[in-house]
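S.K.: Sequence:
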Amino acid sequence: LRFAHRHLGADVVSLTRIMKRIQSDRHHQQQYEWNLLGHSAGAFSAMHLYHQLHTNLPNSHPGIQVRKLILWGCAALVHMCTDLSQMFQPTDPVSILVVQATQDMLLEMTKDFQQQFQQHFPTSQTQTEWITGGTHQGFASYQSTWAGSPDVATAISY
1 LRFAHRHLGA DVVSLTRIMK RIQSDRHHQQ QYEWNLLGHS AGAFSAMHLY
51 HQLHTNLPNS HPGIQVRKLI LWGCAALVHM CTDLSQMFQP TDPVSILVVQ
101 ATQDMLLEMT KDFQQQFQQH FPTSQTQTEW ITGGTHQGFA SYQSTWAGSP
151 DVATAISY
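According to my numbering, the stretch in the sequence shown is residues 1 to 158, in order.
Warning: the hint list may mix true and false statements.
Quick list of the computed label-pair ranges, beta carbon to beta carbon [said to hold, decoys possible]: (1) ARG17 / PHE113: 15 to 25 Å; (2) THR132 / ILE22: 13 to 23 Å; (3) SER24 / LEU77: 17 to 27 Å; (4) MET87 / LYS111: 20 to 30 Å; (5) ASN35 / MET105: 25 to 35 Å.
What the hints contain is simulated information worked out from the structure, not anything from laboratory work. In this text, all values refer to a predicted model and were calculated from it rather than measured experimentally. Cβ atoms here follow ideal geometry from the backbone N, Cα and C, with glycine treated the same way.
Just need the whole structure built from these sequences, with the hints factored in.
M.R.: Right, here's the structure in full:
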């Protein structure tokens, strides 16, 4: 999700409208499984939408299934998190992937809150992967935010 705020389109109504349109343009009998992705601030929007979709969708939109949540470059800004830890049973077919980079300065600034951050996810369905040498800006298409910092992202293939 590139939308970091509901006024820019990160709301359940807009998202389900887009999903329904895509599904109606395809094979009408086919059920789709959707994934939500978010980078940096977009990861918090994705968490919030994931929660809303799993809370509201099963009854209101039975043809739409959101199975995976993928967050990358997501700092431990606990006050912005949506608690997903109690939403699912261990046998539910959902999974959450958190992809982080070892040289991400935002993660370094929030490292003391990492344990609290991880408590927002169901442990049996969450996997965290680290990209060695990766930077925050290496996940996206913007220039280095920190002047003078080494940009090792160009040496790493994602």
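S.K.: Broken hints, numbered, in rising order?
M.R.: The structure conflicts with hints 1, 2, 3, although it agrees with all the remaining ones.
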